[in-house]
Amino acid sequence: MMKIEIDQSAGFCFGVKNAIEKAENELLQGNQVYCLGEMVHNMEEMNRLNKLGLITINHDEFEKLSNVSVLIRAHGEPPQTYEYANKAHIHLIEATCPVVIRLQKKIRDTNTENNEAQIVIAGKPDHPEVKGLAGNVNKEVVVVNDPSELDKIDFQKPVNLFVQTTLHPEKLKEIKSNMIRRFRESGYDPSNLVVKNRICGQVANRIPSLKTFCRKHDLIIFVSGKNSSNGKSLFAVCQSINPNSHFLSNEAELQAGWFKHINSVGISGATSTPGWLLEQIAQKIKEHI
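Under my numbering, the first residue of the sequence shown carries the number 110, and numbering increases by one thereafter.
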């Protein structure tokens with residue numbers, strides 16, 4: 110009989126869980142709640158929240174509102190969002206992840222203390238957390254997501270490097286080592302690179318445990334929303350350990366052919382994947398595969 114195991118370290122991180130609980134508490138009291146941006150990059154969970162009454166809006170829609178309640182999701186927001194909310198008498202339900210809040214404070218303080226140094230963020234330029242971080246600085250911010258993008262940086266000047274909290278640790282290591290090399294090539298002391306690393310501990314610790322989990326099974330089913338940065342990163346880890354890994358967003362994407370001659374299946378997911386969805390997929394495999 111085929112063994113099916115759900116990865117106990119998979120599922121919502123603290124920041125996402127906290128944001129969802131705050132939204133649910135408001136909605137269950139009958140309050141109208143808007144969420145600025147997708148609460149979580151998982152369509153299945155977003156559909157569930159929408160059915161409860163959550164209204165997801167973008168920034169253009171936000172700037173047309175007044176006298177309403179708006180939830181700030183775990184990714185955080187730049188100061189301009191709070192300034193508009195104050196002017197428009199919008200009640201903000203604060204659900205920014207504590208790790209992100211500390212990083213926002215650090216980037217503000219660093220900018221004030223050393224205004225001559227360049228501010229560089231390692232992360233995805235279109236990621237809401239990165240946009241929120243950049244908005245806390247009153248000068249140009251350079252965002253790099255790959256060593257090939259380092260030409261944006263002046264290696265004749267000091268650099269304060271901040272890190273998107275969900276960035277893969279190996280990606281940070283690669284960017285950092287290439288920056289040190291570029292400093293040396295330019296004849297500038299690499300000690301002028303100061304790394305302000307606040308990669309989420311829950312994200313960093315998941316990688317070793319995920320590798321162990323993937324080694325235990327013949328087949329890995331990795332469940333995540335297709336827009337989840339964390340999901341893409343963790344799935345790459347699965348593939349590196351177990352090539353027989355498949356990425357899907359819901360039970361409808363399961364394929365019976367994957368399970369031929371398989372004795373052990375591991376089901377895991379991103380920090381944005383709800384536990385109920387992992388359970389649902391496990392049940393589907395038990396009943397129909």
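Possibly wrong hints are sitting among the right ones.
[Unchecked claim] Straight line, CA to CA, 30 Å or less: simulated DSS-like cross-link-like pairs of lysine-lysine:
1) 305 - 126
2) 131 - 282
3) 285 - 320
4) 320 - 214
5) 112 - 215
6) 261 - 214
7) 214 - 196
8) 369 - 341
9) 369 - 305
[Said to hold, decoys possible] Taking CB as the label site, the calculated pair distances span:
10) 157 - 225: 30 to 38 Å
11) 327 - 286: 18 to 26 Å
12) 398 - 192: 46 to 54 Å
Hints were generated in silico from the structure; no laboratory data involved. Ideal Cβ positions, reconstructed from N, Cα and C, are used throughout, including at glycine.
Do the hints match the structure? See the list:
1. For the suggested pair residue 305 and residue 126, the alpha carbons sit about 25 Å apart, so the restraint of at most 30 Å is met.
2. Straight-line distance between C-alpha atoms of residue 131 and residue 282 comes to about 35 Å, which puts the hinted pair past the 30 Å bound.
3. Between residue 285 and residue 320 the alpha-carbon distance is near 24 Å, which keeps this suggested pair within the 30 Å criterion.
4. Straight-line distance between C-alpha atoms of residue 320 and residue 214 comes to about 33 Å, which puts the hinted pair past the 30 Å bound.
5. This hinted pair does not check out: residue 112 and residue 215 have alpha carbons roughly 47 Å apart, beyond 30 Å.
6. For the hint linking residue 261 to residue 214, the alpha-carbon distance of about 24 Å falls within 30 Å, and the restraint holds.
7. A distance of roughly 23 Å separates the Cα atoms of residue 214 and residue 196; the hinted pair therefore holds under the 30 Å criterion.
8. With a CA separation close to 26 Å, the supplied pair residue 369 and residue 341 stays within the 30 Å bound.
9. Under the criterion of a C-alpha separation no larger than 30 Å, the hint pairing residue 369 with residue 305 is inconsistent with the structure, at around 47 Å.
10. About 49 Å separates the C-beta atoms of residue 157 and residue 225, a value inconsistent with the hinted range of 30 to 38 Å.
11. Between residue 327 and residue 286 the beta carbons are some 35 Å apart, a value that contradicts the proposed interval 18 to 26 Å.
12. The hinted window of 46 to 54 Å between residue 398 and residue 192 holds, with their beta carbons roughly 53 Å apart.
In this structure, the earlier hints numbered 2, 4, 5, 9, 10, 11 are contradicted, and the remaining ones agree with it.
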